[in-house]
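Peer 1: This is what each chain is made of:
Protein chains: 4
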Amino acid sequence: MKLGFIGLGHMGSGMARNLAAAGHEVTVWNRSREKAEALTSAGALLASSPAEAAQGAEAVFTMLADDHATEDAVFGAKGLVSALHAGAIHIASSTISTEFARHLASEHAKRKQGYLSAPVFGRPEAAAAGKLLVVVAGAKELIDRVKPLFDVIGRATFIAGAEPWQANLVKVCGNLTIIAIIETLGEVFATLKKSGVEPGVLMDAINELHGSPVYKNYGAMIVRNQFEPAGFALKLGLKDVRLVLKAADECGAPLPLASLIHDQLLAALANGQGDKDWASLAQIAARNAGV
Amino acid sequence: MKLGFIGLGHMGSGMARNLAAAGHEVTVWNRSREKAEALTSAGALLASSPAEAAQGAEAVFTMLADDHATEDAVFGAKGLVSALHAGAIHIASSTISTEFARHLASEHAKRKQGYLSAPVFGRPEAAAAGKLLVVVAGAKELIDRVKPLFDVIGRATFIAGAEPWQANLVKVCGNLTIIAIIETLGEVFATLKKSGVEPGVLMDAINELHGSPVYKNYGAMIVRNQFEPAGFALKLGLKDVRLVLKAADECGAPLPLASLIHDQLLAALANGQGDKDWASLAQIAARNAGV
Amino acid sequence: MKLGFIGLGHMGSGMARNLAAAGHEVTVWNRSREKAEALTSAGALLASSPAEAAQGAEAVFTMLADDHATEDAVFGAKGLVSALHAGAIHIASSTISTEFARHLASEHAKRKQGYLSAPVFGRPEAAAAGKLLVVVAGAKELIDRVKPLFDVIGRATFIAGAEPWQANLVKVCGNLTIIAIIETLGEVFATLKKSGVEPGVLMDAINELHGSPVYKNYGAMIVRNQFEPAGFALKLGLKDVRLVLKAADECGAPLPLASLIHDQLLAALANGQGDKDWASLAQIAARNAGV
Amino acid sequence: MKLGFIGLGHMGSGMARNLAAAGHEVTVWNRSREKAEALTSAGALLASSPAEAAQGAEAVFTMLADDHATEDAVFGAKGLVSALHAGAIHIASSTISTEFARHLASEHAKRKQGYLSAPVFGRPEAAAAGKLLVVVAGAKELIDRVKPLFDVIGRATFIAGAEPWQANLVKVCGNLTIIAIIETLGEVFATLKKSGVEPGVLMDAINELHGSPVYKNYGAMIVRNQFEPAGFALKLGLKDVRLVLKAADECGAPLPLASLIHDQLLAALANGQGDKDWASLAQIAARNAGV
Chain R
44 MKLGFIGLGH MGSGMARNLA AAGHEVTVWN RSREKAEALT SAGALLASSP
94 AEAAQGAEAV FTMLADDHAT EDAVFGAKGL VSALHAGAIH IASSTISTEF
144 ARHLASEHAK RKQGYLSAPV FGRPEAAAAG KLLVVVAGAK ELIDRVKPLF
194 DVIGRATFIA GAEPWQANLV KVCGNLTIIA IIETLGEVFA TLKKSGVEPG
244 VLMDAINELH GSPVYKNYGA MIVRNQFEPA GFALKLGLKD VRLVLKAADE
294 CGAPLPLASL IHDQLLAALA NGQGDKDWAS LAQIAARNAG V
Chain L
44 MKLGFIGLGH MGSGMARNLA AAGHEVTVWN RSREKAEALT SAGALLASSP
94 AEAAQGAEAV FTMLADDHAT EDAVFGAKGL VSALHAGAIH IASSTISTEF
144 ARHLASEHAK RKQGYLSAPV FGRPEAAAAG KLLVVVAGAK ELIDRVKPLF
194 DVIGRATFIA GAEPWQANLV KVCGNLTIIA IIETLGEVFA TLKKSGVEPG
244 VLMDAINELH GSPVYKNYGA MIVRNQFEPA GFALKLGLKD VRLVLKAADE
294 CGAPLPLASL IHDQLLAALA NGQGDKDWAS LAQIAARNAG V
Chain B
44 MKLGFIGLGH MGSGMARNLA AAGHEVTVWN RSREKAEALT SAGALLASSP
94 AEAAQGAEAV FTMLADDHAT EDAVFGAKGL VSALHAGAIH IASSTISTEF
144 ARHLASEHAK RKQGYLSAPV FGRPEAAAAG KLLVVVAGAK ELIDRVKPLF
194 DVIGRATFIA GAEPWQANLV KVCGNLTIIA IIETLGEVFA TLKKSGVEPG
244 VLMDAINELH GSPVYKNYGA MIVRNQFEPA GFALKLGLKD VRLVLKAADE
294 CGAPLPLASL IHDQLLAALA NGQGDKDWAS LAQIAARNAG V
Chain D
44 MKLGFIGLGH MGSGMARNLA AAGHEVTVWN RSREKAEALT SAGALLASSP
94 AEAAQGAEAV FTMLADDHAT EDAVFGAKGL VSALHAGAIH IASSTISTEF
144 ARHLASEHAK RKQGYLSAPV FGRPEAAAAG KLLVVVAGAK ELIDRVKPLF
194 DVIGRATFIA GAEPWQANLV KVCGNLTIIA IIETLGEVFA TLKKSGVEPG
244 VLMDAINELH GSPVYKNYGA MIVRNQFEPA GFALKLGLKD VRLVLKAADE
294 CGAPLPLASL IHDQLLAALA NGQGDKDWAS LAQIAARNAG V
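Those protein sequences? They're chains R, L, B and D, same order as listed.
The number in the numbering used here is simply the position in the first sequence, starting from 1, with 43 added.
The number in the numbering used here is simply the position in the second sequence, starting from 1, with 43 added.
The number in the numbering used here is simply the position in the third sequence, starting from 1, with 43 added.
The number in the numbering used here is simply the position in the fourth sequence, starting from 1, with 43 added.
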């Protein structure tokens, strides 16, 4: 399939590489050109603008930092919307707001272009290995057409509904389950340390109990108190918590746990932790306990 | 080994049965006698009081509802403390307060009796199958002596420290990680429902993401909105959250997430959910979202 | 002074009436015309659009529900921005977001028009009596020019700074102090009732202790459990809490108390209390206590 | 009236002095004798134990730090319970737990002694000036008998009910309204500072709006960032928040705002603020905002 891929950060570069390796013709674009050039060895073609990446493509992925960066790439000067053919599909895999997803769906529809939200779960290593979890939403016919692409980038695909924003809501809810684990571990480890009990014992029991790689990985980071380099920066985690709070506020559902975590993340940001891994949220609980 | 076992509820009966089946001589006592009689088929002997169960035993387990019930069985009329031999060990497997564990340690020490806190993780099925997780704390020499018993009742044993209360702290911290999952799922499912998105999609993604039986089991209960019969009653979960808050308060560590959950559990109790499974906490998030 | 006044709800009509009564030439506009006509008896002139109200005025007030309504009246078809003379001043007295206040300041500056944010504290009775508290921010020279108008509508004026949005931040922070009182009273009254103690006793003590009309008025409403008709609707209170949370989030200050209240207000909204007085927030605490 | 007075700290010494000045025969006792000796100039007699202070008295006040200190003075060696005549009244004015108040009532009843809980609102200056607010509960006949004493120490007396603990519940609920103000001011001032707005402006507006000495006094302390010497130590404030949480937990009423404040107070304690005024709680909000 002829594809465009816009946004080649930690996540996007692995996804684009896998698509190219699977035999698709992938034209890539990235704000800083050297990251795009690195993809040519995998067979990708270089575009000089999002529009050029979208030109002639059956589907074009965006994998960018946030709503703002996506807006630039789609609607800005030489944005993809100006070049995407009628009938072709824009697949937004970034974690964007439900509100912006609705805007994208509406703007693409006006131009007879297809639109799918297809955010992913997984860290850069999973992106590189083609082992992401893909949550997609939008018109069934569109999903069916690009399903083989999801099979390339991920190990499982979940269909969240017929309206694209539904996938974005599922994604930010899923992220909340992860940061909730981090906050929980941060609090209990601080309590144990303050009491003079070794947190590693609880960690071992938790690993047996929950049997979850999420607990295991984040727990190990917190026990070691090692948060750099960041796999996922705390400031990006804060962005995602803001997104879930905003979506819940719009529909009228209280999220007290997300509110609490939002406030702890702000305290972490004020404490200079924005570029550390979001697991460093645990340092706030530790500070509040005086350990 | 000659053993006593006091408290034959959902958890204790499975534990005592496994100890008897492993060839130990187990004398059992329970407040309501018929539960004790049910154990005779497994080879257990019946005692007419905690003291009688402790008489001559090398170790005696207590597996009772709370501090109060344990206090009765230990220090009450015909309590085990009056009969336990010097050098024999009281193993308290109930979820009791760290403060009461210190009291037990001190009182037994005065009488040259040994004392271990050995709370367990796992539901009744795990107790029946001998697959509990045992967290034990106390003098190493005592732990070494009864370690074979833990191998009978559990699939793994974790040593939390040399002071018995440390195991109790690890236990209530571990329970907090479970109820935090329930609160998280309750909030995100309520948000999804209010938005018109099917929670099952997130559940599928979460199961792939976290790969944890805890998420899987509780998530399924919440998606089905089925909380009876209770595997673990909400009022007992509230007791455990109180214990972790109390222990953290004593050492001066704030637990904002536990505070939030405590308040949600009280609202659930006021809503008549005390005897439902503690997963029904999710109903409070649903009510607050109006779904 | 020749003035325009846009927005004649519970608050605006009292303010406009007082300005006319003080001898100013006031041209008024309101979306529903009958409210504007009611002002003619006080000497006000009728305009058929915001632009007409602004035409030739030295200053024009807006007193509208929110950002959206203000945007319509300022930038919409026949909006005031198209008619306001260079050098004339737009005074926005509504509770609007700090972000929108910055937008207004910037847009007016482009047109050489002056802009002040001048939100007010006080209920409709205070507006009618010219006893509001005015918080104003913007260029000192502009404030000096319209200070006499604030003396007409209010009993005291506070200058929050040289940038208009600063007044809006002070306003939403001030509102948070009021809703925090309501939440506090709701919680303690629910506790007293659940315990079988008459809340009126605490109310009497609080009135002596705090000596504040805010406690007195809201406390009386909560003790009587009477929340209709609304003096200030809960859904508007929720809007204001959202504004303070947004402003704090932008600058990176956590507001855990506002987060908690936001979530309680959402639960109240889901419970059908949107059009009741915001003091009805207390009903959520009562429900959670089961009283 | 022949009186005993036990506990001559900042509050008790002013109360005892006023009772003596009003013509009552007051026998005083304090753990550190010099504070008791200071009262002799006001006509007080010295006792060498709580029992001696209670001997022959018609009523004996206790004004001590907490449950523990009160328990010592009442039930300890030479405690007042051993000497108080049948028919005489113990008036506990300390802020004690509702649970301990029930214990006191029951123990005194066994001995045909009267018991009233009569906690007070007010700072040391109010105690010295006889301007406290007294909240009393217990048998009406007893209250009637000692009402003239309350008129000496206070400017108003509120009757909370027929069971003594009811006064203690009203007291801790009242204290929650004060610390809630402190938390609110701390959060909004931190937000203003982080935004570059002078908090004094909001303080002026709040003083006009709320017209409350509580806002005024604590607001001034927070604006000046001056928390020593402590009028009321943060660690004592934490004790009171624990009491209200415990009482609410016992009756099954959630107090999310008190939970939040409890956790902030613990963070303040871990930050070394235990002996500062409880208004220093505001420093936690400031730290979390990075100002």
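Since the hints were derived computationally from the structure, they do not count as laboratory data.
It is possible that part of the hints are untrue.
Because identical chains share one entry, a pair is satisfied inside a single copy or across any pair of copies.
[Unchecked claim] Below, a list of computed lysine-lysine pairs in the DSS-like style, where the Cα atoms sit at most 25 Å apart:
id, residue 1, residue 2
1, K278, K289
2, K319, K45
3, K237, K319
4, K259, K174
5, K278, K259
6, K153, K121
7, K278, K78
8, K237, K121
9, K282, K237
10, K236, K183
Peer 1: Each hint: holds or not?
Peer 2: These are the hints, each one checked on the structure:
When the C-alpha separation of K278 and K289 is checked against a cutoff of 25 Å, the pair qualifies both within a copy, at 16 Å, and between copies, at 16 Å. Proximity of K319 and K45 under a CA criterion of 25 Å is satisfied in neither setting, with 38 Å inside one chain copy and 55 Å between copies. In this assembly of identical chains, the alpha carbons of K237 and K319 lie at most 25 Å apart whether taken from the same copy (24 Å) or from different copies (22 Å). Taking the shortest Cα distances, K259 and K174 sit within 25 Å of each other both inside one copy (18 Å) and across copies (21 Å).
Only within a single protomer do K278 and K259 lie at most 25 Å apart by alpha-carbon distance; the minimum there is 22 Å, versus 30 Å between protomers. Taking the closest pair of Cα atoms, K153 and K121 come within 25 Å of each other only inside a single copy of the chain (18 Å); across copies the shortest separation is 28 Å, beyond that limit. Taking the closest pair of Cα atoms, K278 and K78 come within 25 Å of each other only inside a single copy of the chain (22 Å); across copies the shortest separation is 48 Å, beyond that limit. Neither within a single protomer nor between protomers do K237 and K121 lie at most 25 Å apart by alpha-carbon distance, with minima of 56 Å and 38 Å respectively.
Taking the shortest alpha-carbon separations for K282 and K237, only the inter-copy value of 20 Å comes in at or below 25 Å, while the best intra-copy value is 31 Å. In the homo-oligomer, the alpha carbons of K236 and K183 lie at most 25 Å apart only across protomers (21 Å), although the nearest pairing inside one protomer, at 51 Å, exceeds that limit.
This entry does not satisfy hints 2 and 8, going by the numbered hints stated previously.
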